[in-house]
Amino acid sequence: MSITAALGDSVAGVAAEPPRRRARRAHLVLLGPGLIYLVLFFVVPVGALLATSLYVPVPGGDVGEYQPAFHWQNYVDALAQFWPALLRSFWFAFLATVAALVIGYPMAYVIAVRARGRKLLQGLLLVLVVAPFFTSFILRTIAWKQILADDAFVVTAMHFLHLLPADARLTATPFAVVSGLTYNFLPFMVLPIFAALERLDPRLLEAGADLYASPVTTFRTVTWPLSMPGVVAGTLLVFIPAAGDYVNASLLGNNTNTTMIGQVIDARFFKVLDYPTAASLSVVLMVAILVLVGAYVRRSGTEDLL
Amino acid sequence: MTSTSSAVTADATGAGGAALELEGVTKAFGQFVAVDDLTLTVPSGSFFALLGPSGCGKTTTLRMVAGLEQPTAGTIALGGRDVTGTRAHQRPVNTVFQSYALFPHLTVGENVAFGLKRSKAKDVAARVVDGLDLVELGHLADRKPAQLSGGQQQRVALARALVNRPALLLLDEPLGALDLKLRRQMQLELKRIQTEVGLTFVHVTHDQEEAMTMADTVAVMNHGRIEQLGSPAELYELPRTAFVANFLGQSNLVAGTVTERLTKRGLLGVDVRGTRVLVPAARAVRTDGAVLVGARPEKMRLLVGDQTPGRGENVLGPGTVTDVSFLGVSTQYQVEIPGLGTFGVFAQNLVGGATVTVGTSARLAWAVDFTFGLDGAQARDDGAVDLDDEL
Numbered sequence: 001m002s003i004t005a006a007l008g009d010s011v012a013g014v015a016a017e018p019p020r021r022r023a024r025r026a027h028l029v030l031l032g033p034g035l036i037y038l039v040l041f042f043v044v045p046v047g048a049l050l051a052t053s054l055y056v057p058v059p060g061g062d063v064g065e066y067q068p069a070f071h072w073q074n075y076v077d078a079l080a081q082f083w084p085a086l087l088r089s090f091w092f093a094f095l096a097t098v099a100a101l102v103i104g105y106p107m108a109y110v111i112a113v114r115a116r117g118r119k120l121l122q123g124l125l126l127v128l129v130v131a132p133f134f135t136s137f138i139l140r141t142i143a144w145k146q147i148l149a150d151d152a153f154v155v156t157a158m159h160f161l162h163l164l165p166a167d168a169r170l171t172a173t174p175f176a177v178v179s180g181l182t183y184n185f186l187p188f189m190v191l192p193i194f195a196a197l198e199r200l201d202p203r204l205l206e207a208g209a210d211l212y213a214s215p216v217t218t219f220r221t222v223t224w225p226l227s228m229p230g231v232v233a234g235t236l237l238v239f240i241p242a243a244g245d246y247v248n249a250s251l252l253g254n255n256t257n258t259t260m261i262g263q264v265i266d267a268r269f270f271k272v273l274d275y276p277t278a279a280s281l282s283v284v285l286m287v288a289i290l291v292l293v294g295a296y297v298r299r300s301g302t303e304d305l306l
Numbered sequence: 001m002t003s004t005s006s007a008v009t010a011d012a013t014g015a016g017g018a019a020l021e022l023e024g025v026t027k028a029f030g031q032f033v034a035v036d037d038l039t040l041t042v043p044s045g046s047f048f049a050l051l052g053p054s055g056c057g058k059t060t061t062l063r064m065v066a067g068l069e070q071p072t073a074g075t076i077a078l079g080g081r082d083v084t085g086t087r088a089h090q091r092p093v094n095t096v097f098q099s100y101a102l103f104p105h106l107t108v109g110e111n112v113a114f115g116l117k118r119s120k121a122k123d124v125a126a127r128v129v130d131g132l133d134l135v136e137l138g139h140l141a142d143r144k145p146a147q148l149s150g151g152q153q154q155r156v157a158l159a160r161a162l163v164n165r166p167a168l169l170l171l172d173e174p175l176g177a178l179d180l181k182l183r184r185q186m187q188l189e190l191k192r193i194q195t196e197v198g199l200t201f202v203h204v205t206h207d208q209e210e211a212m213t214m215a216d217t218v219a220v221m222n223h224g225r226i227e228q229l230g231s232p233a234e235l236y237e238l239p240r241t242a243f244v245a246n247f248l249g250q251s252n253l254v255a256g257t258v259t260e261r262l263t264k265r266g267l268l269g270v271d272v273r274g275t276r277v278l279v280p281a282a283r284a285v286r287t288d289g290a291v292l293v294g295a296r297p298e299k300m301r302l303l304v305g306d307q308t309p310g311r312g313e314n315v316l317g318p319g320t321v322t323d324v325s326f327l328g329v330s331t332q333y334q335v336e337i338p339g340l341g342t343f344g345v346f347a348q349n350l351v352g353g354a355t356v357t358v359g360t361s362a363r364l365a366w367a368v369d370f371t372f373g374l375d376g377a378q379a380r381d382d383g384a385v386d387l388d389d390e391l
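So the protein sequences, as listed, match chains A and B.
Letter by letter, the first sequence follows residues 1 to 306 in UniProt numbering.
Letter by letter, the second sequence follows residues 1 to 391 in UniProt numbering.
This list has only true hints and no planted wrong ones.
For lysine to any residue, the following SDA-like pairs were computed, each having C-alpha atoms within a straight-line distance of at most 25 Å: (1) A:Lys119 x B:Phe32; (2) B:Lys191 x B:Thr213; (3) B:Lys120 x A:Thr217; (4) B:Lys117 x A:Thr217; (5) B:Lys117 x A:Thr221.
Please keep in mind that the hints were generated in silico from the structure rather than gathered at the bench.
Just chain A, with the same shape it has in the complex (with noise of 0.2 Å):
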């Protein structure tokens, strides 16, 4: 075959198939890298996660020996013993977000909507948000626990004001690891809630205001719906990482009543090699977010919005 004859026919080929297929192709090209970078960073550990879950030791074995097996009972024992942590956990992170939502919308509505039109302003302040992203997370945990320490002016000062009883304390109580999560995942709820109110017409708030809506009701019935898909993705991204932190727990809190379930995973992981406990309990917490999530998803409408 000449090779004029050869090349025509892989042009007529090209020609001939179909272009939805080809673009399908294409689209396998351009997801390839993510995929890949997906199964082996997701879909394996996950894997790797579930099989550790329920494993039971090596019998004789040292301690950390392990042998795969399907042992569910180890999901009883590990709820059974730690399912205080977990409880706590999310209700931890629930007040997290909650506090985070009353700080970070107000942050975010004068940001986008109050310094409207002064790029200057609004890049400031967003700056100002993000910034702590600049010094590491943990340095600022430990950060907080210095502000928060007993001798510190903030306990001194709340001492001083009988704001607290003399005897009181902040470090390592409820109160510390809540404020520690709501600082450290507060630009989490600013940044989409800023970019839903930006996104906002200034002139339906103008609309309100001439169909007799004073600006609290305007506010009610125009700006806090419309922005709800900022709302409902800020608690997400807070309600989420909060719920599995340990940073907070551990560098804020005691060890008794402000245990958190990352912190016992932490704990069974590296400490106890208790592999099979603290992957069922990473299985047990994955889940119950996914479910809490999807169910409030699901109630708060948000897919119907815009």
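With the hints as your guide, set chain B onto chain A.
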């Protein structure tokens, strides 16, 4: 029109529109004076248009009436009650916004019900149905605004405002975003609805044809002031400033000096570069010194060859026909007269097609009675259509 909407009509007429009075209203943004000492009365039940180019202060005026801006000075009264200083939600005024500003998260029906709910009205549901029927959109009550066409959204915005039976309805270029055909249709529709509900409408527009079609009274605004106020026909036939003459339709204006007064016939003799042109004294803004003599293009006709002017006609020229545009019902000629400039002449196509070709030498003739005289200190092309603006 369905019978259900007659309830709206009857009630609304009973409520009636309120008169709007602006007294010395000024709005300054820093150094820029958007509205300058504006005094204006809009009678109850009228369809009033504020007409002017962009930046003339008409939208700012409207926003002050709506309560979305507060005047720097002056008072605004609605139905005899001073509302200056009250906020938008406290005024019995509703606006149809240029962008419609429909709430995207609410259905059409919920949009229309918004104002009624805020004012704690009774039978909201029934009134929403009536309001949507009035704009013939009853079948779309459950849709979201994004699912509607531009014209439908415009009608929802109108229903959302009208359903509250406001004392005053403000329309901020509500037809600007629609294509020409839909715009014409909506103009008639709006006029019909205004007559039906009997409310006071204040309509802001830069489209002079729209203002003339719809309004009973038009105020032409420029640089934050009202240039002239009157019925569309008055403004058109007897403009009092060069800006009005050029902005509202087209005008042929030429500079001259008053040289004689024929008091017995009530005429002024004006010297236009050696040609005497007569202007009725009653139709002249000033009766001495430098004036601009004007006439509308459709009042003018071409004299070619040995054609002679009729009795009581002014004549200018000769000049040269530089352009002929055939428009179907009429033909537009451009005639260049050396030293005087270019004149437009609109001729009805009574005999089919253009009768004069480019390059022909022609004179212009028009009835003295249709001539008007303006202040000669004004620029001849003040308010003339800027091609960039029309795009």
